[in-house]
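Undergrad: In the order they appear, the protein sequences are chains A and B. Once you know that position 67 of the first sequence is 67 in the numbering used here, the rest is easy, because the numbers rise by one and skip nothing. Once you know that position 137 of the second sequence is 280 in the numbering used here, the rest is easy, because the numbers rise by one and skip nothing.
If you are wondering where the hints come from, they were derived from the structure by calculation, not from laboratory data. Think of the CB as a built atom: it goes at the ideal place given N, C-alpha and C, for glycine as much as any other residue. Misleading hints may appear alongside valid ones.
To be verified - Partial selection, computed: residues in chain B whose CB lies under 8 Å from chain A: (1) Pro198; (2) Thr261; (3) Arg301; (4) Val308; (5) Gly368; (6) Glu369; (7) Arg378; (8) Tyr386; (9) Asp387; (10) Ile389.
To be verified - Just so you have them, the derived chain B footprint on chain A, three or more residues with Cβ under 8 Å: (11) 16 to 22; (12) 25 to 39; (13) 67 to 81.
Claimed, not checked - Restricting the straight-line Cα-Cα distance to at most 20 Å, the calculated cross-link-like pairs of lysine to aspartate or glutamate (EDC-like) are: (14) B:Lys288 to A:Asp80; (15) B:Lys151 to A:Asp42; (16) B:Lys151 to B:Asp237.
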Amino acid sequence: MSVATQRSGGGGGGYVERAPGGGSSSLADVVELILDKGLVIDVFVRVSLVGIEILTIDARVVVASVDTYLRFAEATNRLDLYEKGGKDLPGLVQGITEGGAKGKTSGVLEAAAEKVNDMLASNREQQEVRRRPARQRARENEE
Amino acid sequence: MSTVEAEKPTYVYGLVKADAVIPDGLTGLGPSGRVSTISHGRVAAIVSDVPVDRPLGVRGDLVAHEAVLDTVAARGAVVPMRFPAVVEEHAVVDELLAPNEDHFATLLDSLDGRAQFTLTGRYEQDAVLREVLLGDDEIRALREKVRELPEDASYYDRTRLGELVVRALEQRREVDGAGIIDRLEPFAVATVANQLAAPDDVVNAAFLVERGRQEEFENAVEGVGEELAGRVRLRLLGPVAPYDFIPEE
Chain A
1 MSVATQRSGG GGGGYVERAP GGGSSSLADV VELILDKGLV IDVFVRVSLV GIEILTIDAR
61 VVVASVDTYL RFAEATNRLD LYEKGGKDLP GLVQGITEGG AKGKTSGVLE AAAEKVNDML
121 ASNREQQEVR RRPARQRARE NEE
Chain B
144 MSTVEAEKPT YVYGLVKADA VIPDGLTGLG PSGRVSTISH GRVAAIVSDV PVDRPLGVRG
204 DLVAHEAVLD TVAARGAVVP MRFPAVVEEH AVVDELLAPN EDHFATLLDS LDGRAQFTLT
264 GRYEQDAVLR EVLLGDDEIR ALREKVRELP EDASYYDRTR LGELVVRALE QRREVDGAGI
324 IDRLEPFAVA TVANQLAAPD DVVNAAFLVE RGRQEEFENA VEGVGEELAG RVRLRLLGPV
384 APYDFIPEE
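Chain A extracted, bound-state conformation:
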């Protein structure tokens, strides 16, 4: 059986999700693609001469933190390890996938993407954005 690869539009049939470039990409894709990449020529360093203010974009999101650890601990705790009377590993793996179970920690990345969104939407609030994880942690500790 051959599976047709999606040439455009993404989603649909194949095993691999497809995303064409050229204006239909998500902001997260765009940031990852273009930031800090491409040709740099001396002449562009003198941008200030032109009198254009450039926002600095720092979208590197560091997710290795206590927050990340707690999310993965929670996802691990949630797992029902010996469900359905002890299948072997491949069987278990398959079963879980077919069930379409979606992990809790996908929230980490969504949160990160949101953070990037925030940063790009209002760059001047970068400091505010950077402070947020600390506040999230604090909230979690209170709970």
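Once you've looked at the hints, dock chain B against the given chain A.
TA: Structure of chain B alone, referenced to chain A:
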């Protein structure tokens, strides 16, 4: 000297060969929305006007930069500029194209007939956590301990459990990620492995692919995706401009 007129700032998206046909319907990030080219000799710059009433770098600017470049890249060779690239209008020829014509022409030749694809992969979370648990006694024991403790008494152990799981994922993905890249490298002219962000990211790699082998490459990716189904979810972005294959100056 004091009478020099204010120059028109110009945004430069990237470079193409002078004879390249730029597709219609591109939308620039400037107030006019128009995108055009300025050519010199064998090379040309894809340019537009620039917003002057606000700082450059908001979401729409990034998206426009990418959309222009990737739409052009879908048809032919393009050298993307690093965002954001602004010069005075006269400098596009005087300082960008003229002094670098040979260099740019060579670079464009080397990218001719090639496009970038970016492959990302993420573990199917429950499947891989199950593997981690079944494969590590310490993690399994710690999980049992955490499950028996009330939440407020288990903060330290939960953090430790999460840390061990994250480390285990990072070890696993090193092998899995390299395996994926090894399988696809033969179909590409060049490959770049990018840094991974989240612990359950398995792969993030850019492949420079000959257009003539695009289908072969896509089928190979699909084959890897089929093999990994249920364990790793792959996502293929492209064809896009060769962002990861521009040599550092």
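Undergrad: Next, verify each hint and record whether it holds.
TA: Okay, the hints, checked on the actual structure:
no.	hint	verdict
1	Pro198	4 Å, holds
2	Thr261	7 Å, holds
3	Arg301	4 Å, holds
4	Val308	5 Å, holds
5	Gly368	4 Å, holds
6	Glu369	4 Å, holds
7	Arg378	4 Å, holds
8	Tyr386	4 Å, holds
9	Asp387	6 Å, holds
10	Ile389	5 Å, holds
11	16 to 22	holds (count 7)
12	25 to 39	holds (count 13)
13	67 to 81	holds (count 12)
14	B:Lys288 to A:Asp80	15 Å, holds
15	B:Lys151 to A:Asp42	19 Å, holds
16	B:Lys151 to B:Asp237	14 Å, holds
Violated hints for the displayed structure: none, as all numbered hints are satisfied.
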